[in-house]
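S.K.: Protein chains in written order, with the working numbering: chain A, 1 to 437; chain B, 1001 to 1741; chain C, 2001 to 2052; chain D, 3001 to 3272.
One should not assume that every hint holds.
To be verified - Just so you have them, the derived chain D footprint on chain B, three or more residues with Cβ under 8 Å:
no.	region
1	1032 to 1044
2	1101 to 1107
3	1341 to 1349
4	1632 to 1641
To be verified - Dumping the calculated EDC-like pairs for lysine to aspartate or glutamate here, alpha-carbon to alpha-carbon at most 16 Å:
no.	chain 1	residue 1	chain 2	residue 2
5	B	K1259	D	D3016
6	D	K3043	B	E1049
7	D	K3141	B	E1049
8	D	K3141	B	D1647
9	B	K1644	D	E3040
Since the hints were made in silico from the structure, they are not lab data. Cβ atoms here follow ideal geometry from the backbone N, Cα and C, with glycine treated the same way.
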Amino acid sequence: MDSALIPRGVKRCPFPQFILFIAIVGAVLLWGVYAMLLCWFKGLNQTNMNDFYGFALWIWADLAVIAVGGGAFFTGLLRYIFGKDDLKNIINYAVLIGFICYSSALLILAIDIGQPLRGWFIFWHANVHSMLTEVAFCLSCYFGVLTIEYIPLVLENRQINKVPFFHHLGHNMHEIMAVFAATGAFLSFFHQGSLGGVAGVLYGRPFAYREGLFIWPWTFFLFTWSAAACGPCFTILVTKITETVTRKKLVKDTAIQLLAKISGWMILTYSIAKTADTWYWATVTVPSLGQTLMDFYSNNPFYGIWILILEIAICGFIPAFILITKKGRKNSAALWIAVFLAVTGVCINRWVMVLQIMAIPVLTFENWVLYLPSWQEIATTILPLAYGVILIAISYRYLPVFPNEPELNPIETLPAEEEEAVEPSVELEQELKPAEA
Amino acid sequence: MKIDRRSFLSFLLGGAAGTALSPLPWKLTDDSSIWTQMWPWTPVPEDGEASYVNSSCTLCPGGCGITVRKIDDRAVKIEGMKRHPVNNGGLCSLGLSGLQLLYGPTRVKTPLKRVGKRGRGRWEKISWKDAVSEVAKTLGDLREKGQSHTVGFISGSDRGTVPRLFERFLTVYGSPNLIRTPSIIDSYELALHLMQGAQALPGFDFENANFILSFGSGIVDGWGSPVRMFRANSAWRDTGGKVIQIEPRLSNTAAKSDKWIPINPGTEAALALGIAHIIIKESLYDAEFINNYSEGFEDWKAFVLGEYGPDSVATITGIDSTTIIALARSFARASKPLAICGRGQGTTPGSLNECTAVHALNALVGNINKKGGVFAVAEPDYINWPEVEMDATAAAGMQKNRLDGAGSKKYPFSRYLLNRLPQAINSGKKYPLKALFVAGANPLYTMSDSKAVKKAFDKVPFIVSFSSYMDETAQNADLILPNHNYLERYEDIPTPAGMPQPVIGLSRPVVEPQFNTKHVGDVIILLAKAMGGTLSDAFAWDSYDACLKETMGYKWQVIIEKGFWSYPDFVAGPREESFDTVSGKFEFAPKETGSLKPFKPVKIEGDKTNYPLLLMPYDSIRLANGAMGDPPFVMKSVDDTVLKGTDVFIEINPKTAGEHGLREGQLAMLSTPVGQAKVKVHLFDGIMPGLVALPRGLGHTAYDEYLAGKGINVNELIGPVEDPVSGLDAAWGVRAKLAKA
Amino acid sequence: MFPFSFEWIWDMGHVVFMGGLWYALTILGIGMSYCIIKAAMDACRGNDEHHH
Amino acid sequence: MKHKNAKKYGMVIDLDKCTGCGSCMVACMAENNVPFRKDESNKVLSITWLRVYQLTNGKPFPNTDICYLPRPCMHCEGQHEGHSPCVSVCPAVATDYNTETGIVSQIYTRCFGCRYCMASCPYHARYFNWWDPVWPDGMEKYLSPNVSPRMRGVVEKCSFCFHRYQLAKEKAFKEGRREIKEDEYQTACTQACPAGAITFGDLNNPNHAVSRMVKPDPKHHGRPTNPNAFRLLERLGTNPKVYYLSSREWVRRAGDNYLENEAKYKKTVHQG
């Protein structure tokens, strides 16, 4: 039915099955959309946020998706700037995942603010000293970059590519992709950092506050670092999940292994840096403010020191050691565990840097305040997930996301209805060497 | 032109791009944000000419001066009146939120007549003319049948022109049953009457005192004239004045005091006598006063020395004897000591013996009618109306005994005993109450043992409420004749509670009446005129305003300009003229009080086996517990350790809670011999083990959604206990049981 | 955001921050413009030189 | 930027006098058109620009003690003037540090409700309008035109009754004066406090009562030199303009975090 749209040389499930899948995920999406509309029309009283929890689940979700979406910029950086050619096999997917993550983040932000119709004031009346302003600008710009990086892939759809203008546009964009990628890396560095800065500059909250370099608290660098380290893990994780779901090998091991190895070293160095930061903060910064480390991990029913150990040791060093060793990352199960732990680790980090900050009392006569999100918050947080799955499904079905796929999954009999235009090999060639074209 | 898919797509894309590049999206973005900045459903207060009106607050007996800020004809803010003798600019939270009462949803907007069963909340609007003639007819019928004495009138006050109009009306009509709502003032009036022979209000010169011995009086919890007390308390901080607070629970007053002495509840009288014992034994008393101006000291001395040694008092009160001795010495040695009583806000009269014992302490240190002491403040006699002419019916009616037993053989000195009214009605022994008027009071809420009160009210066939608000009593009335709100009417406010000099405040219309209400004074005048005869003759005024103006005479001009009339050169008469007792002296042991009998604590309801705990109500300045309930702003200031959602917290010592297996925030069932209620547990170290405390002022069933249905009315759990001498309510609490719910 | 909006101040913060922002936006803008214009021109010319 | 005759309005609250009566809270609500809802007992959802906290010394009966602590917005000066925790983070300049008065303002029509300022404020002095403000029918009549009611979705907080400053300035200007007198500009809570526990004035003016009471040390961002005076969370370096006085050691200690067995205030390493 939609075979004319499906890339050549690959096999896709029957259309009705595809539609059924979309419908099921779509139902979840609609649930999220309903919750989103509730929040927009009735206001944020639909959430369980309160005056102690100005930042809550959504801000965590934002920080987390941007962190794991960091795979896009870091892979792009490695691919286009450092010339790690093996990564060309995964860059499309990394870009797609990044695009989903960033568009989700923007959507969640649009729900999260109390006056969505005035959201643009953050640009118009920008306070250049606010980390959030930096986040907003870089985030939007980088989302633009991701769109630019995603467009050529869209243009490669068999039917779209038939239009000469789109065909040439895609080609031209490929040609100067390094420029865009460089800009993206620059923007990413700043907004990932600024997201860390968001917490680090809170000098009224000893749990969040970090000293730093010039205007940048240490969290600025730690966030960029952790996003660069764990983002690729998320790319690998999603790739692995996609491969499991489609029951196909989609990306060559070389690409995965290379990314895993770089990621492993990044996680290791990050974990060391994070440990050093935590150590300094716990032994110098916090005592100078009259508190001890354990003040932040006791007297409440949830946040114990376990969360710090879980974040740094279990979800930091363990995946790092797995990924830096050849044996570790070659072992499929270990790789799975490592990327899962790394992604969990960065999500926990973002959680504590948003929600635990809010939970901890600073005034001596206040108490810990815990919070459970309302269903509307959960639904709107799941919404991007559903949207991501749908976008991946559509992209996978109609776009040549995985250049290795035809090669890794040769189809014995070619589809009956042949159409003119580009040879698959040529298409692949173009995909493989855009810079030389 | 042929439209194929391609050109259609191009058209769409081109159109989208064109629109995006046009100013339209930018304009829409801008417009939508401007719209959010002026949402039509977010009110924009109209601006106008600002002006200020001085008036008096009548929401409590405190009598604070207020200055109301107006924008055109709207009142927008109430502030304390600067340089007012009572409050000098400060104001309590209730007074500050008065506009929420004025403009609030609880106002009764027009005369209402009950439809259907009483208390169901179904009303029909009627005209003032019909309302007045209906009341006149009912009263006329009763009078014709010679039952004028079966008409009762519950009033929040008996001073000032409005209550005096009630009194005048009842007198000419022929009923002795005007009843004032009770408070510690009742006990103090009795004490002054018996010990000093005075018909007067107690006045306390806190401003000049420097050692306050408070037997549980909530100096900063709303006792007396609250703002004045706050100011005095702050002045003591500056001048080094000391406050000793004696009560079993760490109230705000106890926390602010220089020393908090926890005491076994209900044993305050014994402590006062124990202190007297030391003072007498160590000859620390004012011999000049005792020798020249007192009577019965020797008898009393023998009694006190015999019975109230520090050790036995220590046993009764739970305060160790060294503390008692030290306390007595510092009290007697202070240059300006002052002892006061009346638990919390003084909402219940308490035991008369306790009051006389405390008052005797003041006499011991010669502190009567003296700077820094207690004054007997006679009411300013500005109300001089022509004598009424009573016809035979009226005279006969007035001859009848009061239904509440005040002035009877049993309680000859008491003037009003509202606490005895429900019993009198329910027992039906004397005579039935055929009609009841309620003004400035909300007895169905404020009286203890609410169930019995409700039952009594159900027996009264005709109840008229003059309330401006739909309170519990109004809800259960047959007819509501809504009074103007206090910011819409004139009224004189005679000497606020506890003031040592007479002051007359003036409440005046700040805004035009907002609804179809009528001044209660006018209603009484109209009613009298409608009934004709002697009644009509006794109320010759055209209107209440005319009556007030005439009454005030030459003071009117001053009071209108200044907002109050004060007596700056007021001095109590010389000692020789101070006492109007038979002896002409201060009576230490008036025989009527039986004060020479050994101390017996007030027997509160309940037995120890079934009810191992003691429940005490406590007063909070953030919870109005009288005729007025909390407006929304004040409710908002109530702590979440007092009320959470609709659950009230009961204060309990962690030790006691542990014994009962109760944890913070847990739901528990509180039972007393009178009733039971679900409460939440709040562990509070500041309460004596074995004691539990609930706040007064919650558990309203009337008023608006901001107040009604939250917490429980502690009066539903406590029954009145008659003081053997005064007949007033002496209950300070009740025995209770607390179990996991 | 723009030097002509009323809260703009010519200080280090604004110059560096907005400088960086406009720099990035300019690159993206020029880059995309280049791609679009060139694609339009290529399409008109029927250029397909890159097809090997 | 900095005015030569700049004021630094501040507040001194005498906790020995404060009785916790709540007048300040209510005066503030009445003055500033603060909305209210049916249930205000959940204090993390209750807009109280000025909130009175109850502090306890934690000792068992009968050595228990309580103290009330009214907490308006602290109008933090920050590490350098204007670097308040909230002002520095607001992305849209919707909260501003007025260098002429030292007052931290909130511009409701500018705020788009990101709540970053709330996250930054250790005093929980900022409140969000989770609901549309609704007054029962007829009650809008008492709303003051000097303070605009806030729409849903924006943050609000104590403004030190800034509109009163503007009215006082206007009046002074009409009377041909440049300066306003000490008593001409007072906040609603100061005026209403029955205990006279609140004093308000210019900390830069040594003749104003506030300066005389706490003796702020200009070399240390106004740190009080009166031994009975303290500021909340002094060590964070927020440099509040609200001071507290207490003769009780435990109350003063409750104003900040201290390490166990820590004798007294140590200099923080905080750089900002």
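S.K.: Any hints this thing doesn't respect? Which numbers, in order?
M.R.: Violated hints (numbers, rising): 3, 6 and 8; every other hint is consistent with the structure.
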